[in-house]
Amino acid sequence: MLRKLFIGTALATSFAFSAHAADVKEVQMLHWWTSGGEAAALNVLKQDLAKEGYAWKDVPVAGGGGDAAMTALKAMVAAGNYPTASQMLGYTVLDYAAAGVMGDLTETAKKEGWDKSVPAALQKFSVYDGKWVAAPVNVHSVNWLWINKAVMDKIGGTEPKTFDDFVALLDKAKAAGVIPLALGGQNWQEATMFDSVVLSTGGPEFYKKAMNDLDEESLKSDTMKKSFDNLAKLVTYVDPNFSGRDWNLATAMVIKGDALVQVMGDWAKGEFHAANKTPGTDFLCYRFPGTDGSVIYNSDMFGMFNVPDDRKAAQVALATATLSKSFQSAFNVVKGSVPARTDVPDTDFDACGKKGIADLKKANEGGTLFGSLAQGYGAPPAVANAYKDVVSKFVHGQIKTSDEAVTELVKAIDDAK
Amino acid sequence: MSTVAETQIKLTPEHDARPGATVRSRLQDLLPKIVLAPSFAATVVFVYGFILWTIYLSFTNSKTFPSYDITGARAYQRLWRWTFESDPPSSWYTSITNMGIFGFLYILICLALGLFLAILLDQKIRGEGVLRPIYLYPMALSFIVTGVAWKWFLDPGLGLEQTLHQWGWTSFHFDWIKNKDFVIYTVVIAGVWQASGFIMAMFLAGLRGIDGEIMKAAQIDGASTFQLYRRIVIPLLRPVFLSAFIVLAHLAIKSYDLVVALTSGGPGGSAWLPSNFMYEFTFKRNEMAVGSASAVIMLMTLTAIIVPYLYSELREKPR
Numbered sequence: 001m002l003r004k005l006f007i008g009t010a011l012a013t014s015f016a017f018s019a020h021a022a023d024v025k026e027v028q029m030l031h032w033w034t035s036g037g038e039a040a041a042l043n044v045l046k047q048d049l050a051k052e053g054y055a056w057k058d059v060p061v062a063g064g065g066g067d068a069a070m071t072a073l074k075a076m077v078a079a080g081n082y083p084t085a086s087q088m089l090g091y092t093v094l095d096y097a098a099a100g101v102m103g104d105l106t107e108t109a110k111k112e113g114w115d116k117s118v119p120a121a122l123q124k125f126s127v128y129d130g131k132w133v134a135a136p137v138n139v140h141s142v143n144w145l146w147i148n149k150a151v152m153d154k155i156g157g158t159e160p161k162t163f164d165d166f167v168a169l170l171d172k173a174k175a176a177g178v179i180p181l182a183l184g185g186q187n188w189q190e191a192t193m194f195d196s197v198v199l200s201t202g203g204p205e206f207y208k209k210a211m212n213d214l215d216e217e218s219l220k221s222d223t224m225k226k227s228f229d230n231l232a233k234l235v236t237y238v239d240p241n242f243s244g245r246d247w248n249l250a251t252a253m254v255i256k257g258d259a260l261v262q263v264m265g266d267w268a269k270g271e272f273h274a275a276n277k278t279p280g281t282d283f284l285c286y287r288f289p290g291t292d293g294s295v296i297y298n299s300d301m302f303g304m305f306n307v308p309d310d311r312k313a314a315q316v317a318l319a320t321a322t323l324s325k326s327f328q329s330a331f332n333v334v335k336g337s338v339p340a341r342t343d344v345p346d347t348d349f350d351a352c353g354k355k356g357i358a359d360l361k362k363a364n365e366g367g368t369l370f371g372s373l374a375q376g377y378g379a380p381p382a383v384a385n386a387y388k389d390v391v392s393k394f395v396h397g398q399i400k401t402s403d404e405a406v407t408e409l410v411k412a413i414d415d416a417k
Numbered sequence: 418m419s420t421v422a423e424t425q426i427k428l429t430p431e432h433d434a435r436p437g438a439t440v441r442s443r444l445q446d447l448l449p450k451i452v453l454a455p456s457f458a459a460t461v462v463f464v465y466g467f468i469l470w471t472i473y474l475s476f477t478n479s480k481t482f483p484s485y486d487i488t489g490a491r492a493y494q495r496l497w498r499w500t501f502e503s504d505p506p507s508s509w510y511t512s513i514t515n516m517g518i519f520g521f522l523y524i525l526i527c528l529a530l531g532l533f534l535a536i537l538l539d540q541k542i543r544g545e546g547v548l549r550p551i552y553l554y555p556m557a558l559s560f561i562v563t564g565v566a567w568k569w570f571l572d573p574g575l576g577l578e579q580t581l582h583q584w585g586w587t588s589f590h591f592d593w594i595k596n597k598d599f600v601i602y603t604v605v606i607a608g609v610w611q612a613s614g615f616i617m618a619m620f621l622a623g624l625r626g627i628d629g630e631i632m633k634a635a636q637i638d639g640a641s642t643f644q645l646y647r648r649i650v651i652p653l654l655r656p657v658f659l660s661a662f663i664v665l666a667h668l669a670i671k672s673y674d675l676v677v678a679l680t681s682g683g684p685g686g687s688a689w690l691p692s693n694f695m696y697e698f699t700f701k702r703n704e705m706a707v708g709s710a711s712a713v714i715m716l717m718t719l720t721a722i723i724v725p726y727l728y729s730e731l732r733e734k735p736r
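Protein chains in written order, with our numbering: chain V, 1 to 417; chain F, 418 to 736.
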């Protein structure tokens, strides 16, 4: 039925696209990695492919950001004009796979041993119905604290091990006249921080049940209420002007020393690097207090489309190059994330990267690697956004108590399922 | 146009005797239709066709991709339920109440301010040629530019508040853009700033079209300036009010980009308009059916306001 639509629209648009039909020796790639560091990281892949004789062609997307790219992808797929691959996130891969437009990389996966080297939690999104449909590029993790070392030394703080330690540390910063917590008041940032708070408050078992399995008992439990109370406590440490701030501006506050700490995914490290700061001497990276040993992840993937047979060779080359150890290392050193396979040597990574790789390996083996609900790896977009709504309304006062918050959360998630 | 075509048709029998001329006159008959056909077809497909398609989708269970199985009015039921969820406000409740506040204030203030500025400019003052474009130019900016500029201006840490604090007025406090209850009014401020100059230009054109003799006659009869405007000028400007209202109403209902650029949705989504709701649900949350249903409701609401108004305004015309 979806096919019917595709064919219909394809007829209408095939004329427009046939003028530049895909070259066999060409990799057509839809992505939104256009900023300096990301573009540089992607260049590594372009060069790897060029060595094998494949030309790289960016699919142009008007307007940056993932939303515009996803809208463009929808139109391309509807027109039957598949790119070789597209940057995709979590459930989007599964949606497209369910629509039957994704390719099959199982052979390549077998040959390269992806089943063993890629963490099982990631395979939930890159394997559909027993078939490999996407190549994971990296693993980001969101339960990090990013701390300005100079400020930390000034207030005489040490690494917080528990949530109470963390609150005590924030109090110290407040007493010293620094903004304790740098937060951008946009719903995804608030929810990303709340992911960590839930893991810290309830522990790994609870996080999995509530945020990945969406178990109703857990969602309305006292532990969840406690999590909301803890979030409310953290929000008392932000500056009054936080609402609507972009995440990189919040990171800049920590870099400049205006604020002590930001709770953010490891892409924040890119901002520190861009400002020529080194981990250990200028800034510190700790796991969110009480979450050491667990990793809340999200991951960028290259979804592979069901291209005609003559373009399959280019696709296989792209997938192989993407998951090669050399690219995984080179790309993730620049991007701030860690490799999507656990057998990549960590020699080129900085201290934070080394810790990230070790943590990922440990979490993968111990079964404490969980998808981030805020980043769309815990549940489908409808649920994830309903969750972000509730957290954001709680932070900004439309929802007033933690009792009300859990009731609303259960209702919203139920509604979106 | 139809009258032209009819007269041509009446003429054709006379030319029947000469075959060469028939082809030519036939072509002449058809030419306007041929020329108009592409734009007509485009409008039918891209406007009315897609309206019907959207209505159809709103009754399906479409998620990420359009689906064609009619599954009933579940999307509407959800919207209906959300309409009454005011504590804590559902996103839909926030969107429609914001639309009410924004639409009402935006149209009213733009009309009032536009008329006021036009009347002032119409006092035969010096330098009108310089002043008029100054008021008009904000309209030349896109909503994105307006949004970003006002975002910086209204940001307590960057703009007005910060500047006044530096000048020594430290008790000054203006954080509407960060306040969930007031953020929608900042959208009104930015919107009015952009559009009122254009409305002024419309009223100015209307004022220039009023016959000076009527004004003189009224003045001779002893009408005060206020009475002159109240009883004569403003009633004569009625067609301009109609045009201005239509322009403003459609700007109000489609101002999606202004909200995004100015507030990125506001604290906890408190600045959403129905257009934001529609985009968010259709493209970000993969709930295409709900997004379509909200679009249909927007269309219905707009129709319910514009159609009776157009009817009452245009009814007297056909003569």
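For the record, the hints were derived by calculation from the structure and aren't laboratory data.
Treat each hint with caution, since some may be false.
Said to hold, decoys possible - Using 25 Å as the maximum straight-line C-alpha spacing, the simulated SDA-like pairs for lysine to any residue come out as follows:
1. V/Lys417 with F/Asp572
2. V/Lys174 with F/Asp572
3. V/Lys411 with F/Tyr493
Hints broken by the structure, by number, lowest first? Hint 1 alone not satisfied by this model.
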